[in-house]
Amino acid sequence: TVFAEEVARSGCVDAVVLGEGEEALTTYVKYALKGVRPVDWRGLYVREGRRWVYGGVLAPPPLARVKYVNGLLAMRHVLEYLKAGIYGFMPAQQPHFWFATARGCLFDCIYCGGSREGYSFATGRASMAARDPAAVAEEMAQLSEMGLRIARLTHDPQMLGDRWWRKLFEEVRKRGLDLKLYWESHRLPASNLVREASKTFAALDVAVSPETASEEVRFRARRYFTNAALIKALDALKGVGALVELFFLLGLPGETVESARLIPQFASKLVEGRGHVAVYPLIPYTIDPNCPMALHPERYGVRLIFRSLKDYARASRGRRAEDFIGHETRELSKRQIAALIEELNREISKIPQSEASTMKLEFEEKP
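Counting from 1203, one number per residue, gives the positions in the sequence shown under the numbering used here.
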């Protein structure tokens, strides 16, 4: 957490993990259960008697040392776990799992806590590190034996480079795995990536986040693709039978009431004649405390409302869109952002997309 000192002041904890926590957490568990005191407290903020000791952020470990699915292999209810998601346990959900392909990021989208700067600020990892694609494929194989049907990737494979994703797909084919694949495309998926993915996996679901109808606002947020390029990419994905899910976001610097109101019309244009494209309602964006916009609010014309862990805890109990919004821009107040979300969602709900809805249901629930 980036709120380590605030957590410590709560009086309810004895230690806070700093940065990437696997090794630091193991160190603390040995200390707490067996009394094995480490040489130092790197990676931890620890209570010793009546004082707190700040060990600093531990150097992130090589990813080859990190084991991702071992815990799953020992679970009694692993199949039920693989049917769980953000809505809890879903009996009809085909078993799925998020496979860690890398840590960090190459890019600095200004609203993302997982951006290069944001992730480095929170964890101390200076640059993105990719895992061995063969190790990722082997984990897919292990979980396939337990019934896995959908593999979700934590990173856009295109970001990791041609050699990386080609090797992953080769390893998946070598193991004869019959899986569906989901990933979130950071920019726009390249045609060669999409073609090879369609040859390797039973079905594809690709999420793309234009965020806004305004190219100027999108570029300012460091998402560098035009509306015309987006349309071209959507048509290429149709050619391989992929489902595409589109997401928009309200509250970016430069977005005005007028430009925001173009989103439903733009979304309708993207869906029209493309039965494989689904557009989602806008979800209130809660600013990440370590995203570039939060780290440099003056640079981006942002006024921070959420500044502490208590602010985020209060938001988690919210019921209205306004409760979750933790910033304002020069163009839009918190109240305006919330009102526009409701207004735009009423318009987006009118966009016909029954074919894409059926594709999504089949992707998630059909064996």
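Derived by calculation from the structure, the hints in this document are not laboratory data. A couple of the hints might just be wrong.
[What the hints assert, rightly or not] Below, computed lysine-lysine pairings styled on BS3-like, alpha-carbon distance capped at 25 Å:
(1) 1232 x 1285
(2) 1562 x 1552
(3) 1232 x 1269
(4) 1552 x 1471
(5) 1401 x 1269
(6) 1285 x 1552
(7) 1401 x 1369
(8) 1440 x 1562
(9) 1471 x 1369
(10) 1471 x 1434
(11) 1401 x 1552
[What the hints assert, rightly or not] Cβ-Cβ distance ranges computed for the label pairs, FRET-style:
(12) 1279 x 1380: 21 to 31 Å
(13) 1464 x 1349: 23 to 33 Å
(14) 1380 x 1441: 45 to 55 Å
(15) 1377 x 1505: 17 to 27 Å
(16) 1236 x 1270: 23 to 33 Å
(17) 1386 x 1506: 18 to 28 Å
(18) 1275 x 1255: 27 to 37 Å
(19) 1501 x 1236: 43 to 53 Å
(20) 1275 x 1428: 37 to 47 Å
(21) 1378 x 1291: 22 to 32 Å
(22) 1386 x 1326: 49 to 59 Å
(23) 1506 x 1256: 37 to 47 Å
(24) 1349 x 1563: 45 to 55 Å
(25) 1438 x 1256: 49 to 59 Å
Glycine is no exception: its CB is placed at the ideal position from the N, C-alpha and C atoms.
How the hints compare with the structure:
no., hint, result
1, 1232 x 1285, "32 Å, violated"
2, 1562 x 1552, "18 Å, holds"
3, 1232 x 1269, "18 Å, holds"
4, 1552 x 1471, "13 Å, holds"
5, 1401 x 1269, "29 Å, violated"
6, 1285 x 1552, "30 Å, violated"
7, 1401 x 1369, "14 Å, holds"
8, 1440 x 1562, "14 Å, holds"
9, 1471 x 1369, "36 Å, violated"
10, 1471 x 1434, "13 Å, holds"
11, 1401 x 1552, "35 Å, violated"
12, 1279 x 1380: 21 to 31 Å, "23 Å, holds"
13, 1464 x 1349: 23 to 33 Å, "44 Å, violated"
14, 1380 x 1441: 45 to 55 Å, "22 Å, violated"
15, 1377 x 1505: 17 to 27 Å, "51 Å, violated"
16, 1236 x 1270: 23 to 33 Å, "25 Å, holds"
17, 1386 x 1506: 18 to 28 Å, "26 Å, holds"
18, 1275 x 1255: 27 to 37 Å, "35 Å, holds"
19, 1501 x 1236: 43 to 53 Å, "48 Å, holds"
20, 1275 x 1428: 37 to 47 Å, "45 Å, holds"
21, 1378 x 1291: 22 to 32 Å, "29 Å, holds"
22, 1386 x 1326: 49 to 59 Å, "25 Å, violated"
23, 1506 x 1256: 37 to 47 Å, "24 Å, violated"
24, 1349 x 1563: 45 to 55 Å, "19 Å, violated"
25, 1438 x 1256: 49 to 59 Å, "51 Å, holds"
The earlier numbered hints that this structure contradicts are 1, 5, 6, 9, 11, 13, 14, 15, 22, 23 and 24.
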